[in-house]
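Colleague: Read top to bottom, the protein sequences are chains Y and G.
All residue numbers in the first sequence are consecutive under this note's numbering, ending with 598.
All residue numbers in the second sequence are consecutive under this note's numbering, ending with 249.
Hints were generated in silico from the structure; no laboratory data involved.
No residue lacks a Cβ here, since even glycine has one placed at the ideal position from N, Cα and C.
A hint or two may mislead.
[Stated by the list, open to error] Quick look at which bits of chain G chain Y covers, simulated, 3 or more residues with Cβ under 8 Å:
id, stretch
1, 192 to 205
2, 210 to 224
[Unchecked claim] Which residues of chain Y face chain G? A partial, calculated answer using Cβ under 8 Å:
id, residue
3, 41
4, 89
5, 92
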Amino acid sequence: MSNYAAPIRDMQFVMKELAGLDRVAALPGYEEASPDLVDAILEEAGKFAGGVLAPLNFSGDQEGSRWQDGAVTTPAGFKDAYQQFVDNGWPALACDPEYGGQGLPRLVSMVVREMWKASNMAFSLCPMLTQGAIEALALAGSDELKQTFLPNMVSGHWTGTMNLTEPGAGSDLAAVRSRAEPQADGTYKIFGQKIFITWGEHDVAENIVHLVLARTPTAPAGVKGISLFVVPKFMVNADGGLGERNDAWCASIEHKLGIHASPTAVMVFGDHGGATGYLVGEENRGLEYMFIMMNEARIAVGLEGVAISDRAYQQALAYAKDRIQGKDMRVRGGGDVPIIRHPDVRRMLMMMKSQIEAMRALAYVVASALDHAHASPDANDRARNQAFSDLMIPVVKGWCTENANDITSLGVQVHGGMGFIEETGAAQHYRDARITAIYEGTTGIQALDLIGRKIARENGATVKAVIAEMSALDAKLAAQEGADFATIRKALAEGVAAVSACVDFILANFAKEAALVAAGSVPFLKLMGVVSGGWQMARAALAADALLKEGSGDPAFYRAKIATSRFYADHVMPQAAGLARTMLEGGESVLALEEAQF
Amino acid sequence: MKILVPVKRVIDYNVRPRVKADGSAVDLANVKMAMNPFDEIAVEEAMRLKEAGIATEVVVVSCGLPACQETLRTALALGADRAILVETDVELQPLAVAKLLKALAVQEAPQLVILGKQAIDDDSSQTGQMLAALMGWPQAVFASKVTVVDGKAKVAREVDGGTETLEVSLPAVVTTDLRLNEPRYATLPNIMKAKKKPLVTVKPADLGVDVAPRLATLKVAEPAKRKAGAMVADVAALVDKLKNEAKVI
C-alpha cells in the first residue's frame, strides 16, 4: 500500500520553464490555459488522484477484474470511482467543445493524465482508450456518427475500445481476418475474434463503443484492405437512448502479469448472426486513421512509463526515509539511521529521480510540440512541430517504458526483501510497468519506426535539426560557472556526438543493409532517449540557475534541480558512448548465427 | 438566505511543519499551503444548504496575504458564488479576524456564518465564538449536523460524552467539526468557472478595523522528542512507575 502525491512542483516547473506553457496558452483556442487556471486544475486533479484513485490501486490489483457468463465485474470501488470521475468532468478535459469538451491543450491533459496513470494505472486505461476512440471518430467519422457517439463518450458516460489485435495479427496488422459484410441499409455485419481488448467489457459505464478493424469482401489483401468500424455494445436508438444488445460479446478475460484491475477482453463479434457496425470514413483506409490516432496513444503510453516510475519512486523514497537499519558511514559511533543515509540507497533513489525528471521533461516538451502542430497559425511552425513530435514519439514511448522497467525494479531493490513481498506494494509497480514496453507497439517496433520512417525516409532532416538545437545549448552551458555546469556541458557534448555518429551510420547504411541498422535500432532508440533526456536536464539546470539568480520561487527546489541534472550527467549520460558503440559496431554479431546455431 | 463562509489559508496538513531557526515562528517559506480542512467542511455544508434550496448565495471570505486568493478560488471551484479578500500583511490574530468578519457580516447581512471550529495552524478555536459575541448572535460550535427550518438552525454538536442538540434562531454562527460532512472534490467545469467568478479585495482600513496584534509570541519550539518506551515486569511495576515516576496517578 502506498500514497500518491502528484509531483505538482516539478510538473509546474517543466510546463512553465521547459515546455513553454505561456506559448501554448498564446495559441488560438487555448487562451483559457492561463497559469493560474492550470495551477488550479493540477491542484484539484492531484487531490482526486491521491484521494479517490490511489487508494484503489493495491486492492484493485489484489482483487482483479472477474469474468462470468460474458459479464465482467471490476474490483470493489472501481465503479463508484469511475462515476465520480465522470461526474467531476475529467474525461472532457482535452476534448472538442463542440461535443461537450473543455478544449484544453494536450500539454495540460498530459500532466493530468500522468496523475491518473500514476495513482491507478489499471483504472487510467479506461479513459485512455476512450480518448483514443474519440480521436479516431473525430478524425474520420461522419457527422451522424459523431453526433450519435461523441457527446456520451466525451462526458465519459460511454467508454471506448480499440479492437485491432487478432490471434494471428499482432504487430503485423496486415494479417487482420475479421470480416465486414455490407447490408442493404448501409450498415455492415461484423464477424471475427479480437484479443487483448483493454476494458473491452466491464460494469463501470452503460455502453461500450468498440472501434473494430475488419475487411470488406472486395478489399485488397494486406494493409491497404482494412477498414474501421464502430460497433456499440448496445445499439443507440433514434432518440439517443440505448436499444438492443449488439452481437459483440466478451468470451473471456486474460490472466496477466500486471494491471489486474484492467479487464483485457477476448471479443467475439457475430457469433449470433453478425454484429452491427458502421463504417468510419472510407473503406480500406482504416489503418491510416488508426496510425494518426496511434501517434497520440504512443506518447500516452510513454507517459505511463513516467507515471508508474514516479509512483515507484514515491514509495521507495517513503520507505528509505522510514526504515531504520545500519549506521551512517560518515558518523563515527552514531546510532542506527534511516537507509536513505546509505550511499547506494541514495544512488538508487537518484537514478530513479533524475531519469523520471528527464523523461517527464521530454514527454511534456513533445506534448507542447503537438499543441503547436495542431493549433499554430503559422504553417511552417505547424510543420516543424509535427516533424519534431513525429521523430520524438517513438523515443518517448520506447525509452520511457524501457526505463520504467528498470526504475520500478530499483523501487523493489530499495525495499530489500520487503520489496519482494506483495503486501509492500512495490512489486505491483514492477509488474504493472512491464506491459508498457509491449503494448501500442513494442520497443522493437518503435525503434524500427524511428530509424526507418522518422530518420532514413526524410534523410535525417528533422533529427539533424534536433542535433543542431542540442549543440546550440553548448554556448549557454559554457557561459555558466562551476563544476556542475562544466560536467553537464561535457556530458551533453559527448552525447550529441554519439547521436550524430549513429545518425550518419543510419543514413549511410539503411538503404543497402537495413537489417544491419535494425539490429542496433533499440540501442539507438535508447541512445536518443538518454541524450534527449540529458538535453532537457541541461535546459532545466539553466532555467533553475536563472531563477535562483533572479531570487524568485523556491531556492531549495532549484538547487536540487541543478544537482539532479549533474547526477544525470555523471550517471546516465555515460551510457551514450556505449550505446553508440553497440549501434555502430554490434550489428554484425547480432546477425552472425544461423538459426540452427542458437 | 445568504451564507458567509470564512476560510483560512494554512500550512497543508500533509506538510511536516518546521520551526524557524530563531524560534520566532513556523517556517512558511516555500511551504505548500492549503485551505484549513475544517473550513473545507464549512464550504461543503454551505454548498449542501444551497443545493437543498435553503441558501441562495454562498459568499466566501479570507483575511491575509494576497496569496489567500488561491484559497478563495479553491472555494469558488467547490461552488461558492463570490469571494471577498481582506488583504493585509499584518499577522492576524483571532480577535482581529473576528472584527473584520463582523464588519463584513454587517455589510453582507448573512443569515448564517459557517466556519471551521479551529484552524490547524494555531488551533485557537476562538474566531467563531468571538464573532458571535461581537454580533450579539447565537452560536452553535463543533457542529456534527446542521438542519435549517423556519428561520432556525438545529445543530447537533459534539460534546464530551455524546451529542448535544441546540436550536438557534438566525442569524447565527456555526462552527464545523470533522464529522459534519465529507467535502467533495471540485469538478473540472467548476474549476474553470471559478476563474470568472467575482473576487473583490478590501483592506482592513476600508472596514474600519484595527488589526494590530494584541498578543506577542514569545517562542515557538518543536514538541519534545518522544523517549523510547520501556517494558515493565508486571502491573504492580506499572502502577509504581505511574505513581512515583510519571506522577500521574
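Colleague: For every hint, state whether the structure bears it out.
Modeller: Hint-by-hint comparison with the structure:
1. 192 to 205: Coverage by chain Y holds here, the residue count being 3 at a Cβ distance below 8 Å.
2. 210 to 224: violated (count 0)
3. 41: holds, 6 Å
4. 89: Holds: closest Cβ of chain G sits about 4 Å from residue 89 (chain Y), inside 8 Å.
5. 92: holds, 7 Å
In the structure shown, a violation is registered for the earlier hint numbered 2 alone.
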